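Please arrange chain B on chain A, whose structure you already have, making use of the hints.
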Amino acid sequence: MALDTDIYSHRDALRGPLALSAALHAALVAVALLVPGNFSSGGEWGNNGSGGAMGASISANLVSGIPLPTNPQANPENVLANESKGLSQSIPQPETKPEEKAIPIPDRNAKPAKKTAPKLAPPSRQKPRELAKADNVVPFGSGGPVATAQYTSFQSGNTNGGLKFDEGGGGSFGNRFGWYTDVVARKVHEAWQNEVNPNVSSAKRVYILFDISRSGAPSHIRVEQSSGIPSLDISAMRAIQRIDTFGPLPQGYSGSYVSVEFWFDYRR
Amino acid sequence: MKRFAVLAVFTLALVLPSLGQDWIRTGTGVGGEKIRIAVPDFKIVADDGQAAALDKTFNDVLFSDLAASGIFDVVSRSFYPLGAIGSPSDVKLDTWAAPPPKAAMLAFGNLGVSSGSLQVQGWLFDAKNAQSPQILAKQYRESASDESARLIAHRFADEIIFRLGGGLNGIAESKLYFISNRSGNKEIWAMDYDGAGQQQITHLRSITLSPRVSPDGTRIAFSSYFKGGPNIMMWSLDLNRLVKFPEFGGTNLSPAWSSDGSRIAFSSSRTGDPEIYVTDQNGNNMRRLTAYHGPDVSPVWNPKTNGQIAWVSGRTGLAQIYVMDSDGTNAQRITDQGYAVSPSWSPNGQLLAFAWIRHYGPGSPGASDIYVMDVASHKWIQLTHDGGHNDFPSWSPDGRHIVYQSTRSGTEQIWSMLADGSQQTQLTFSGSNSQPNWSWK
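Read top to bottom, the protein sequences are chains A and B. Using the numbering used here, the first residue of the first sequence is number 1, and each one after it goes up by one. Using the numbering used here, the first residue of the second sequence is number 1, and each one after it goes up by one.
To be clear, the hints were calculated from the coordinates, so they are not data collected in a lab. Predicted model only: the values in this text are computed from it and were never measured. We put the CB at the ideal spot given by N, CA and C, even for glycine. It is possible that part of the hints are untrue.
[What the hints assert, rightly or not] Reference excerpt, derived from the structure (chain A facing chain B, CB under 8 angstroms, subset only):
1. A19
2. G178
3. V183
4. H220
5. R222
6. T245
7. G247
8. P248
This is chain A alone, in the form it adopts within the complex (with noise of 0.2 angstroms):
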């Protein structure tokens, strides 16, 4: 109680700085009525007196005037982009991944895509292979038994063929050693089996590369051209992959190894 009996004993000790306060302010007032050409007396807004008249003229010859340069970059003084590497270097970009997109999911009826497998070269050889000219290979669908001079043809039994050896490189290989790829080509015959889908009667020919190293065994064996027959490619791969051995090369052929196209047909 006796801290009430104190706050409402100092009500009157606020009259004075009120007072002042009112005084102050109805001063303020005055000032402002007495004083008002301080705030209109300077014309327009924005015109300090002088700038007036020469603003015209200074805009007119200054749009007009400016020499722009034909070409921004032509300016080699631009410090900002010159094409001096400068002194500082600027800090790579971190590559940023492109987001990965969902893989698509294939459609069952969409043509597969054809697959091509890496060519590896063999280790051991250090020179990349010489590649067989264009005339050497017989162009697509033009093979088969063919009675010009140039080729070598044999018939045996169920089995048609022509054979044909590039003149450059090892020689004339076909004409030296004839009987060599009668060989090659009696053996893969006997290798052939029937692994094709019953359902087929008939396919595009299918052609088969390989190597036949200076023992006689076949190396890199790969289908160069699909018959588009799965089963029938991989037949005629497993024809070749049933053979250890051809026996060793022609004692009087120098190469190390000999190329073999050889291509399939079938019907049945």
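Frame of chain A, contents of chain B only:
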């Protein structure tokens, strides 16, 4: 070293045989198109009296070796042009390439005997290639005897077969081991692949069974009653005597070498029931592979991989052929009926030859014949027909021939044939001969 690449372009039109049995051709290398070869008699260039006889032996052996190889169609001698050929300068290739001989290949040469030594020069010419016909030129010199003339002919034939047969070694120098009773007891005998030079190996005066020569040709494993119950025994061909092999007790039969010569599989009844066991080549480290009630006998290894064993089991009643992995797992039966015994695995691992009575039992007068089965597909083909009791087939090292025993001539004799069943030839004629085994090389 020079490195050349030659691109060969082959075409091959594959027209299916209507029978669809092309797999037998694939597995055996016979049955395809044969090479027409002419072999005129070798010309005598030096003679001290016995050259004519040796020349006849040489020519006959060379001719029959090539004819038996399975890859040649040897042109009959009556088609040959007149005039002896002794050297390349005598050859007029066009007369050989044209009909009537129409030969693709020509093997010729000369033979001379001087001061006790026999010298033979032989050539192989490609008759269709007039510019560079020579494929092979060989020269041999041995002491002058009938045996050397045969040996040289075998070697020259093997050389030709190796070249033209696609790198497979010929079998002209291979041997056959078999059981014969012509000495009064069942002993092991040996002969050349064509039946020549038959000679007795063992003299144990007991009963000897199932000789199996080792891959290196130095030892013969067999089963014998020599010391009581049939035991696996080992004969050294180098030492010409028995060598040590442990006795396991019970009945021990049908040893079989793995193709690396390191292991032997056989059948033993040491636990009462005949089961398949494997030991190393000296009979140590024995391991049992089968554990099933019923007899398990006649194991043979897959010589290509040594990873599989075919054997005969009676676990389901009549004897059937089974195949398992060489650790005893994955056993499966591959014959579906009848009575099948005596498996022999082809050198390339693709085919099994065995004796099969397909219709067995009362009312089914089935004959025991030789069959060949493709191991992967279980397709089979019958090789012998209507010719007595045929059993114990054994593959030649080139996989083109099979030797077997047959009673078609009235008694038990050794026969050989091409692996497609053709060219069946009797090799033995005296006594009773059985259980042939073809050497590995």
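- Any of the earlier hints contradicted here, and which numbers? 1, 4, 5
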